Amino acid sequence: MSGFTGILPLPVAGGFTRTKTNLERRQASEEIALVRRVQQGDELAFREVVQRYQVKVHSIIYGILRNRNDAEDIAQQVFSKIYFSIGSFDSRSALLTWIYKITVNECYDYLRKRKVRRLVYESDISDEDELRVARSEVAVDKSPTVEMELVRRDYVLKLLSRVSEEDRNLLMLKEVEGHSVDELAEITGMNQNTIKVKLFRARQKLVKAARRLAQPPGRALGLGSQ
Amino acid sequence: MHKEIKERLEEILRGAGAREDLATCSEHVASCESCGKEIAEMEAQARMLQLLRAPEDLDPNAGFYARVIERVEARRSATPLYAFVDAAFARRLIFAGLTAVIVLGSYLVYSERAPAFSSTGPIAILATQTPEQDVLGANPARDRETLLLTLASYQE
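Protein sequences, first through last, are from chains A and B.
First residue of the first sequence: 1183, per our numbering; consecutive thereafter.
First residue of the second sequence: 18, per our numbering; consecutive thereafter.
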């Protein structure tokens, strides 16, 4: 069983989960207390939230957009959103999971609104490049050039824009942040089996989206040769 | 994708250990073209998703918190209805409103019931006189006194 931490796992319905260590429990209760303080309008507590998560938020944005100026601007927007909507955060998931979701959504909003075509998101990808990546993704080159890597990044961002917000966040937490299924269950407050099922469905949707992209436009619309 | 592969998918996709897990499912994967193809596609996508990892941690520029607060203040002043969004303030506002309604309501009810003047004053005595007392003939002695008083006033 993955995620073994030296403590015997307790059986739960539908699978196993690891028990929280004392340190994790203390951190969780500290986080809940911090969130409550922010919800009550404590500016110092908000400052602590910003200081605690600012590097993470900047890094997530930079990973997606690869632009420092945009990262600063979107990070400000993210923390402003956190300030105004923390009242709706119920501590069922980890605070970082909630912040991660807001951050990724802000990045996609930014890409959608500003249509930053030169950076990412349908940016430099010509239809030809896109088809090339889509058709050759199974045999991914192990030593891609910088240009090819950019094209692949754009392509995967485009694929992610075609699945739901929940699927996108889960896939990114798994593959980009590198969380295990155990960790995902813990930070999202969901059961491990639920996480596995959700991940499977999200991956399937991504595969379907890729297959649709790989089809020539005419065929995708059902206008293929008879 | 078949059930046995679906259940172990995350282990299969995980990396080095995944190959061992894949080996246990190899018979099925070898015989099932659709499972093999789908797993290969998912593996490729997982690798591409990893391209979205930041190459290194990005530290914020100095004064980041101050700029966040500036943005918060700008947004707050742009939306005066924020007061109603802020739960704590809204609770206080509702409490104050209810208190004001109760105080005003009880004042109005009390002021309707209570007499507007003292019961020992001359107006109160006149107001509380029954109509019977003003009818001629009801009290002859009083009528006589009233008549004499009127005549005396007339002579003067």
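No lab work stands behind these hints, which were simulated from the structure alone.
Quick caveat: nothing in here was measured; it's all calculated off a predicted structure.
Hints should not be assumed to be uniformly reliable.
Stated by the list, open to error - The calculated DSS-like cross-link candidates involving lysine-lysine, where the alpha carbons are at most 27 Å apart (straight line), are:
(1) A:K1387 <-> B:K20
(2) A:K1238 <-> A:K1295
(3) A:K1295 <-> A:K1283
(4) A:K1390 <-> B:K20
(5) A:K1390 <-> B:K23
(6) B:K23 <-> A:K1263
(7) A:K1380 <-> B:K20
(8) A:K1283 <-> A:K1263
(9) B:K54 <-> A:K1380
(10) B:K54 <-> A:K1390
(11) A:K1295 <-> A:K1263
Outcome of the hint check:
| no. | hint | result |
| --- | --- | --- |
| 1 | A:K1387 <-> B:K20 | 17 Å, holds |
| 2 | A:K1238 <-> A:K1295 | 23 Å, holds |
| 3 | A:K1295 <-> A:K1283 | 18 Å, holds |
| 4 | A:K1390 <-> B:K20 | 19 Å, holds |
| 5 | A:K1390 <-> B:K23 | 16 Å, holds |
| 6 | B:K23 <-> A:K1263 | 38 Å, violated |
| 7 | A:K1380 <-> B:K20 | 15 Å, holds |
| 8 | A:K1283 <-> A:K1263 | 12 Å, holds |
| 9 | B:K54 <-> A:K1380 | 20 Å, holds |
| 10 | B:K54 <-> A:K1390 | 12 Å, holds |
| 11 | A:K1295 <-> A:K1263 | 17 Å, holds |
Violated hint for the displayed structure: number 6, the only one.
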